[in-house]
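Can you build the whole structure from these sequences, using the hints too?
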Amino acid sequence: MRNSRRSEKIAFFFLFLATLLIVVPVGLIIAIIIQKGLPAINWQFLSDMPRSGMRAGGILPAIVGTIYLVGGAILFALPIGLLAAIYLSEYSRDNLLTRMIKLAIVNLAGVPSVVYGLFGLALFVVFCKFGASILSGSLTLGIMILPLIITSSREALESVPDSFREVSLSLGASKWQTIRHIVLPNAVPGILTGTILGLGRAAGETAPILFTVAAFYLPQLPKSLFDQAMALPYHLYVISTQVPNVDEKIRYGTALVLLFLVLFMNLVAIIIRYHFRKKKKW
Amino acid sequence: MVKVEVKNLNTWFGLLHVLKGVTIDIQANEILSAIGPSNSGKTTFLRMLNRLNELETNFKMEGLVNLEGKDVRAIDVELLRKKVGMVFALPLPLPLSIFENVAYGVRMHGMHNKGKIIERVEEALKKAYIWEEVKDRLEESAFKLSGGQQQRLCIARTLAVEPEVILFDEPCSGLDPISTAKVEEAMLKLKENYTIVLVTNNVKQAARVGDRTAFFLSGELVELDKTEKMFTAPADQRTDDYIRGKFG
Amino acid sequence: MRKLKEFIIEKLILVCGLASIFFVVLIFLFLLKEGLSVFKSISLPDFLFGKNWYPISDPPQLGILPLILGSLLVTVGAAAISIPLGVGAAIYIAEIAPAKSKEVLKAGIELLAAIPSVVLGFIGMVTLVPWVKNIFHLPTGLTALSGSIMLAFMATPTIVSIAEDALYSVPKTYKEGAFALGATHWQTIYRVLLPAASSGILAAVMLGIGRVIGETMAVMMITGNSAIIPNSILQPVRTLTATIAAEMGEAVVGSEHYFALFAIGIVLFVISFAVNVTADLFLHKRK
Chain A
118 MRNSRRSEKI
128 AFFFLFLATL
138 LIVVPVGLII
148 AIIIQKGLPA
158 INWQFLSDMP
168 RSGMRAGGIL
178 PAIVGTIYLV
188 GGAILFALPI
198 GLLAAIYLSE
208 YSRDNLLTRM
218 IKLAIVNLAG
228 VPSVVYGLFG
238 LALFVVFCKF
248 GASILSGSLT
258 LGIMILPLII
268 TSSREALESV
278 PDSFREVSLS
288 LGASKWQTIR
298 HIVLPNAVPG
308 ILTGTILGLG
318 RAAGETAPIL
328 FTVAAFYLPQ
338 LPKSLFDQAM
348 ALPYHLYVIS
358 TQVPNVDEKI
368 RYGTALVLLF
378 LVLFMNLVAI
388 IIRYHFRKKK
398 KW
Chain B
153 MVKVEVKNLN
163 TWFGLLHVLK
173 GVTIDIQANE
183 ILSAIGPSNS
193 GKTTFLRMLN
203 RLNELETNFK
213 MEGLVNLEGK
223 DVRAIDVELL
233 RKKVGMVFAL
243 PLPLPLSIFE
253 NVAYGVRMHG
263 MHNKGKIIER
273 VEEALKKAYI
283 WEEVKDRLEE
293 SAFKLSGGQQ
303 QRLCIARTLA
313 VEPEVILFDE
323 PCSGLDPIST
333 AKVEEAMLKL
343 KENYTIVLVT
353 NNVKQAARVG
363 DRTAFFLSGE
373 LVELDKTEKM
383 FTAPADQRTD
393 DYIRGKFG
Chain C
41 MRKLKEFIIE
51 KLILVCGLAS
61 IFFVVLIFLF
71 LLKEGLSVFK
81 SISLPDFLFG
91 KNWYPISDPP
101 QLGILPLILG
111 SLLVTVGAAA
121 ISIPLGVGAA
131 IYIAEIAPAK
141 SKEVLKAGIE
151 LLAAIPSVVL
161 GFIGMVTLVP
171 WVKNIFHLPT
181 GLTALSGSIM
191 LAFMATPTIV
201 SIAEDALYSV
211 PKTYKEGAFA
221 LGATHWQTIY
231 RVLLPAASSG
241 ILAAVMLGIG
251 RVIGETMAVM
261 MITGNSAIIP
271 NSILQPVRTL
281 TATIAAEMGE
291 AVVGSEHYFA
301 LFAIGIVLFV
311 ISFAVNVTAD
321 LFLHKRK
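Going down the list, the protein sequences come from chains A, B and C. Per the working numbering, residue 118 is the first one in the first sequence, and the count goes up by one each step. Per the working numbering, residue 153 is the first one in the second sequence, and the count goes up by one each step. Per the working numbering, residue 41 is the first one in the third sequence, and the count goes up by one each step.
Keep in mind that a hint or two might mislead.
To be verified - Restricting the straight-line Cα-Cα distance to at most 30 Å, the calculated cross-link-like pairs of lysine-lysine (DSSO-like) are:
#1 A:292 to B:266
#2 B:268 to C:43
#3 A:126 to C:140
#4 C:51 to A:292
#5 A:219 to B:212
#6 C:43 to B:266
#7 B:235 to A:292
#8 B:398 to A:292
#9 A:219 to C:325
#10 C:43 to B:222
#11 C:146 to A:153
#12 A:126 to C:142
Keep in mind that the hints were calculated from the coordinates and are not lab data.
Written out as structure tokens, the structure is:
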């Protein structure tokens, strides 16, 4: 007995150590980026064009480009993803087709991001002749975050109790009326959470935009959907590996802005989830 | 006048044979109560009348259900459910305000005139004997009402779409005796204008409000008779045993 | 009128329901369309097992064996680190951690999953790479090992969250039964819980590895990117993903190099498809 107690202690210690080895570096990474990046952050850094071969000045075009790309991606993915989620939650039956759709979603979620980049290049840039443009990049990112939007929206829709649906139908409302007036309004927090997580994901990805939109350096802000754009993650990659002698402060500052953007969206999603879980009426 | 006619009805959920050859005529302006132990098929019977069973993917039926001489399957399902309203076992307000709960069905049937909706809501709440209790708090969430109030709100919600038949599925199972009495009182008044089918676990409730009573056992209709007759001189030994509480 | 509107909406819903199948097929078709052209000039075995990747020499040599081995080396290294850490942490969080710290730990791991890979790559470049260089006295810290460590780190959130789910969904009665027989908590975990959750944990590991194989930016930034067959984990390597990311920018559309990069994409797509389908089977077996 004493022996098994001792081996339990040892085992638990190692499990605890494993957990620490994951969680502590996460904290350290974030701490380092904040500590070294914060001094770079000022209004000029956020609102100015890059200067001196991106070794000075600000990162405004990268911020603007990322906002455009993320906005475009969500504009594409949200309607399709939401309707697909409605299909799975409200219409699909337990059959082979549904099984295939679910498998497709799993696979879509698992496709390497760089393969999305290739796909976007082949379909949007070359085949559709959109060129390397915000349109191509947004569509590529949109397809990439589609599985995330579908899965989270579907969970949100399925968490609405069936009894609400029955009540609505029993009053003579049609199926679509029931979905539109009862199911959707009550699934909004979950859908919103998933959408914001999708935004965060799209904002942080680099590989899908490499060949579909990202510009190394642009002297002005993009003016149309068919313009190339700079983007924060690609900009960070460029100034970390492609441009020599960039002040460390600028690199950390860029990393911090990107990290802040992504984590902020995650935080908002978590707050919404928490807030509505507490307020939930059933 | 026969309002609803059920002929030789058999239903299945997958392989489970739930209703077995049930034949019942329901008269206009009567309260027909269906009693029986749980899993005897009463609720399935009730949900046949507004085709709610069809929500289950593995549902199958044989036989006939007629509303005023017309096969319910031939009636547009939304229109059928407008004509045949339902009050569920637990109070199930929608996550809306008190007012919107009652207005919901009305709106879904295409009424957009605000004044008329207000009129209709008030009327329905009065008929369900809850108007006095909620008239000053119509904008509050329906979840703030007590269980009994919620159930009467659900009755009002059903009445608002102006049905002809109302199905009550064990409407008092979650309620205290006082709330139960109020719901029963409402039912008795409603009888004047509506045909009511009441499914209940509570034999005494059936005795109190039912004009006629149907006794279900294992999916079969064992006996159907005037309530007084059923409770004084049942024809079937099993009915007698159930009413006396020997099982169930 | 309303009926017509609803009919249209419901058809639209069905169409969108099929969108994921459509996109998976579309991705595969476009990879094939561009990638298969490379096999006009090189046979499949020569492509997969050719030892030289010199895409811009004349004629180009398009053997991706060094890249496959690079990916394999980095992946094996990452798996060796991330599986014990990830499964260990999952056990700790699911079974041992007190309720309060459990939430904090889970949030920490979710946070890790949210950090963009390019940020992790950057941090790896400025911290991990110099450490590896100094500790092993190497000419450069941009090695397979650095990549493995960073990727292990990126795979753990996937492994932890899915494995934790698997452990959590083991019926409570199993545990109670073991406790009733006088087993310690640890005995219960490894004799009862782990076997019962094994298929879910296996799926977690597979999906974690799938994430590693497909990861691009971090790996491109810290593995040194040299397309030669590695013979030690302390050498620079180049993975399949990094090759595409690094070279597509320079490849001329329609050139053999361009086609070859798409062919690599097909390889990656097939691997990820296999990994995800198998993992999905394991997850469903559990239910």
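Okay, the hints, checked on the actual structure:
A threshold of 30 Å between alpha carbons decides the hint, and for residue 292 of chain A with residue 266 of chain B the separation of about 24 Å falls inside it, so the pair holds. Taking the CA atoms of residue 268 of chain B and residue 43 of chain C, the gap is about 24 Å. The hint holds against a cut of 30 Å. In summary, the hint linking residue 126 of chain A to residue 140 of chain C is supported, as the alpha carbons are separated by about 21 Å, within the 30 Å threshold. This hinted pair checks out: residue 51 of chain C and residue 292 of chain A have alpha carbons roughly 13 Å apart, not beyond 30 Å.
This hinted pair checks out: residue 219 of chain A and residue 212 of chain B have alpha carbons roughly 28 Å apart, not beyond 30 Å. Our distance criterion of 30 Å between C-alpha atoms is met by residue 43 of chain C and residue 266 of chain B, whose separation comes to about 23 Å. Under the criterion of a C-alpha separation no larger than 30 Å, the hint pairing residue 235 of chain B with residue 292 of chain A is consistent with the structure, at around 17 Å. Taking the CA atoms of residue 398 of chain B and residue 292 of chain A, the gap is about 44 Å. The hint is violated against a cut of 30 Å.
The hinted pair formed by residue 219 of chain A and residue 325 of chain C meets the criterion: a straight-line CA distance of about 15 Å does not exceed 30 Å. Distance hint between residue 43 of chain C and residue 222 of chain B is fulfilled; the C-alpha atoms sit about 22 Å from each other, no more than 30 Å. For the hint pairing residue 146 of chain C with residue 153 of chain A, the CA-to-CA distance comes to about 26 Å; that is within 30 Å, so the pair holds. Using a Cα cut-off of 30 Å, the hinted pair residue 126 of chain A and residue 142 of chain C holds, with the two alpha carbons roughly 19 Å apart.
Checked against the numbered hints listed earlier, the structure breaks hint 8 alone; every other hint is satisfied.
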